[in-house]
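Q: First to last, the protein sequences are chains G and X. Residue numbers in the first sequence follow numbering that gives the first Met the number 0, run continuously in steps of one, and reach 238 at the last position. Residue numbers in the second sequence follow numbering that gives the first Met the number 0, run continuously in steps of one, and reach 238 at the last position.
Hints are computed from structural coordinates only; laboratory data are not their basis. Possibly wrong hints are sitting among the right ones.
[Claimed, not checked] Taking lysine to any residue pairs in the SDA-like style, the calculated list, with each CA pair at most 20 Å apart, reads:
(1) K7/X <-> R103/G
(2) K118/G <-> A141/X
(3) K120/G <-> K139/X
(4) K34/G <-> G22/G
Here the structure is a predicted model, which means the values were calculated and not measured.
There are 2 protein chains.
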Amino acid sequence: MSDLSRVKALLFDVFGSVVDWRGSLIRDLTDYGRKIGVAADWALLVDEWRANYQPSMEQVRAGKRPWTKLDDLHRETLDMLIARLKIEGLDEAARRHVNLGWHRLDPWPDAVAGLTRLKRKYVIGTLSNGNLGLLAAMAKRAGLPWDVILSAELVRAYKPQPQSYLGAAELLSMAPDEVMLCAAHNGDLAAARKCGLRTAFWPRPTEYGPRQTPRDLAADSDWDVVAADMVDLAARLGC
Amino acid sequence: MSDLSRVKALLFDVFGSVVDWRGSLIRDLTDYGRKIGVAADWALLVDEWRANYQPSMEQVRAGKRPWTKLDDLHRETLDMLIARLKIEGLDEAARRHVNLGWHRLDPWPDAVAGLTRLKRKYVIGTLSNGNLGLLAAMAKRAGLPWDVILSAELVRAYKPQPQSYLGAAELLSMAPDEVMLCAAHNGDLAAARKCGLRTAFWPRPTEYGPRQTPRDLAADSDWDVVAADMVDLAARLGC
Chain G
0 MSDLSRVKAL LFDVFGSVVD WRGSLIRDLT DYGRKIGVAA DWALLVDEWR
50 ANYQPSMEQV RAGKRPWTKL DDLHRETLDM LIARLKIEGL DEAARRHVNL
100 GWHRLDPWPD AVAGLTRLKR KYVIGTLSNG NLGLLAAMAK RAGLPWDVIL
150 SAELVRAYKP QPQSYLGAAE LLSMAPDEVM LCAAHNGDLA AARKCGLRTA
200 FWPRPTEYGP RQTPRDLAAD SDWDVVAADM VDLAARLGC
Chain X
0 MSDLSRVKAL LFDVFGSVVD WRGSLIRDLT DYGRKIGVAA DWALLVDEWR
50 ANYQPSMEQV RAGKRPWTKL DDLHRETLDM LIARLKIEGL DEAARRHVNL
100 GWHRLDPWPD AVAGLTRLKR KYVIGTLSNG NLGLLAAMAK RAGLPWDVIL
150 SAELVRAYKP QPQSYLGAAE LLSMAPDEVM LCAAHNGDLA AARKCGLRTA
200 FWPRPTEYGP RQTPRDLAAD SDWDVVAADM VDLAARLGC
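Here chain G stands alone, though its shape is the one from the complex:
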């Protein structure tokens, strides 16, 4: 393990790394569909929704549209998919509720325990493409004990754009190497490392369910810390 004595803040990727977006949304929407009497292949909706995540942000990154919050990108994709998958019976209030499913994601079983330990020694925060309101609502419901909620929204640059990482360090008044990005995604870590941040990885092998590809099943570089999960991350950082 590298010398990490300068690290003061741990910033976490959230979707997939800290919370199980796929399992949570499928459970949540299946229950909701039953309650309001709407039949749909909710797992397919969720998978297609997430499949459009990067393309929707890419429009913003490429400057083809002005800054747009993730909640709004999610809503546009949802409306498009409801039409394409021919899901009937979702009025405006129902669509709004479904879209806020991204605020109701459950943490992976080790997440709260790991964060609680890490918080004793480090400033812990988010660094997510989720908008601040989404992340705050999620944290409140899930009991994620963040010291600070940082979002791509605050610097108007979606990860993996360099300004998302550099702007987060700047908001904390810290040098890049005083901040460690913690994520289950090698690509996120590679972009953070290029900006001078420290890096920690653990795998989430069931993040994508049956669609999981070999991607991100293991560390593909010599990240500063490679852990089994977030509790193990705490142990490896001496918390």
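Given chain G, work out where chain X should sit, using these hints.
A: Using the frame of chain G, we list chain X on its own:
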């Protein structure tokens, strides 16, 4: 008390309202001066430092200089005052330490207890002219249990500029009347109310020590809640 059923988030002014900047800094700097053998009228330094708070932000508000973090405004004022008050023996490291005194402020005795109760029912956060790094460091040290740390820095508009209040609500994805500004300063509340936020007041009659003027000793308008302190605020909001 008005109908406050729409309120979801309580955003707190920090300096003076939640933490005792004057008492904390005088204690901290007196101890530090003794430790490093530097003699000064620390109470005078602190009072003059704060007296330059509004004028220094006014340069930014008026567009006479680009956005500047409060930590940096504080440092400029400190250097000016060290020269004017002829304080000898503070090298660069000592000046940096003194300037970070604003990160080491102690809460008023009722603050943590009040926030802990309010947090059960509301999203609680800061809305301060302090920069995010300052507020995060202060919260960590003082045990202030914020759900979210919002700062004028995030919208680059110092209070009482309207965008500071409106931008905070927008970051939370809330309407202005879903947010209540909570402060011991009537002027801050008046500006927030003009933007449509709800308002709560309690007095901090010793904030300025012997320099306290009649200002802010009591509510000077019909704020939505007027409390004795932050524990009383929790009681009045049913927490």
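Q: The structure should be examined with respect to each hint, and the outcome stated for every one.
A: Hint-by-hint comparison with the structure:
Restraint check: the Cα-Cα separation between K7/X and R103/G comes to about 17 Å, which is no more than 20 Å; the hinted pair holds. For the hint pairing K118/G with A141/X, the CA-to-CA distance comes to about 14 Å; that is within 20 Å, so the pair holds. For the suggested pair K120/G and K139/X, the alpha carbons sit about 10 Å apart, so the restraint of at most 20 Å is met. Taken as a hint, the K34/G and G22/G pair is honoured in the structure, with Cα atoms around 18 Å apart against an allowance of 20 Å.
The structure agrees with every numbered hint stated previously.
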